[in-house]
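Novice: Could you put together the complete structure from these sequences and hints?
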Amino acid sequence: MGQPTGRALRAISYNLHEGRATAELAELAEVHDVDALCLQECDTLRLPETVGPLVLAGATQRNRLGLALYYRPDRLRAHGHELRPLRRSMHDRFLSPAHERLLAVRFEDLHDDGALLTLASIHTAPLSATNAMRRHQITEALGAIRAAAHGTAALVVGDFNYPWFASSLARRLSEQGFEVSHSDLPTYVRRRFRGHFDFAISEGMHIERVKTLQQAGSDHLPVLVEARVKAPVPA
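So in the working numbering the end of the sequence shown lands on 235, straight run, no missing numbers.
Don't read these hints as lab results, they were simulated from the structure.
Fair warning: this is a prediction, and the values are worked out from it, not measured in the lab.
Misleading hints may appear alongside valid ones.
Derived CB-CB ranges, DEER-like [stated by the list, open to error]:
| id | residue 1 | residue 2 | range |
| --- | --- | --- | --- |
| 1 | Ala147 | Glu108 | 11 to 21 angstroms |
| 2 | Phe165 | Thr50 | 32 to 42 angstroms |
| 3 | Asp74 | Glu27 | 17 to 27 angstroms |
| 4 | Pro85 | Phe165 | 19 to 29 angstroms |
| 5 | Ala148 | Pro232 | 26 to 36 angstroms |
| 6 | Ser168 | Ser128 | 30 to 40 angstroms |
| 7 | Arg192 | Gly151 | 19 to 29 angstroms |
| 8 | Trp164 | Glu140 | 14 to 24 angstroms |
| 9 | Glu27 | Arg194 | 36 to 46 angstroms |
| 10 | Arg171 | Ala147 | 20 to 30 angstroms |
Here a beta-carbon is modelled for each residue, glycine too, at the ideal position from N, C-alpha and C.
Specialist: Encoded structure:
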């Protein structure tokens with residue numbers, strides 16, 4: 001890959017805290033002029049088809065804590081979406097909160113000479129599971145996206161529930177060709193826990209900025225990611 005090209009893509013990842021923060025989405029989309037919203041813990045039965053200028057690309061159907069992805073159609077052209085279960089933790093087996101933990105959508109970027117990229121929203125197992133379990137889930141998700149993307153760029157954002165020993169995760173993924181990008185401030189600051197639960201993992205993308213935003217309706221804070229698809233290296 002060579003130097004990045006095109007206008008930076010702006011995507012927000014937000015865990016809605018079992019749908020409590022749904023009412024904030026329209027303001028977030030407008031104020032931050034986003035091209036995509038990648039959501040976790042949605043009440044998918046009550047999600048609107050549009051949020052400001054964004055339209056719904058897809059959402060999980062069998063999750064108590066669902067995933068959804070909205071996009072700006074004058075910037076991105078959707079080419080189908082994929083929902084995937086990931087390895088089940090003990091939490092999943094007993095409480096069944098999430099059958100599908102990955103939602104990936106393949107896009108053509110109309111502002112970047114038709115560059116192809118995959119955007120994905122992910123929600124890995126909670127802190128009751130081990131980091132090893134979450135690493136399995138993340139690796140499985142990235143492998144599926146890489147196989148389906150046929151070598152094109154990918155940006156995976158969401159609630160990774162991985163606030164501790166994140167440098168070890170970043171090192172492991174770097175060895176596989178992925179980049180982990182954290183925001184400037186923690187994304188979860190309530191109760192006993194504080195840390196970067198929500199971040200970005202990318203391949204073939206130049207990450208310009210990852211910023212924690214201030215909102216009030218969720219126990220997580222939304223994260224704004226600005227990124228560009230890297231231009232191919234000339235043959």
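Novice: Each hint needs a verdict: does it hold in this structure or not?
Specialist: Status of each hint after checking the structure:
Taking 11 to 21 angstroms as the suggested C-beta distance range, the pair Ala147 and Glu108 conforms, at roughly 19 angstroms. At roughly 40 angstroms, the beta-carbon separation of Phe165 and Thr50 lies within the given 32 to 42 angstroms, and the hint holds. Taking the beta carbon of each, Asp74 and Glu27 are about 20 angstroms apart, inside 17 to 27 angstroms as hinted. One distance hint, 19 to 29 angstroms for the beta-carbon pair Pro85 and Phe165, holds here, with the actual separation near 25 angstroms.
Against the hinted window of 26 to 36 angstroms, the Cβ-Cβ separation of Ala148 and Pro232 comes to about 19 angstroms, which falls outside the hint. Checked against the hint of 30 to 40 angstroms, the C-beta distance between Ser168 and Ser128 comes to roughly 20 angstroms, which is inconsistent with it. For Arg192 paired with Gly151, a C-beta distance near 42 angstroms fails the hint of 19 to 29 angstroms. Separated by about 21 angstroms at the C-beta atoms, Trp164 and Glu140 satisfy the suggested range of 14 to 24 angstroms.
Separated by about 25 angstroms at the C-beta atoms, Glu27 and Arg194 break the suggested range of 36 to 46 angstroms. Checked against the given bound of 20 to 30 angstroms, the beta carbons of Arg171 and Ala147, roughly 23 angstroms apart, stay inside it.
When the structure is compared with the earlier hints, violations turn up for hints 5, 6, 7, 9 and for no others.
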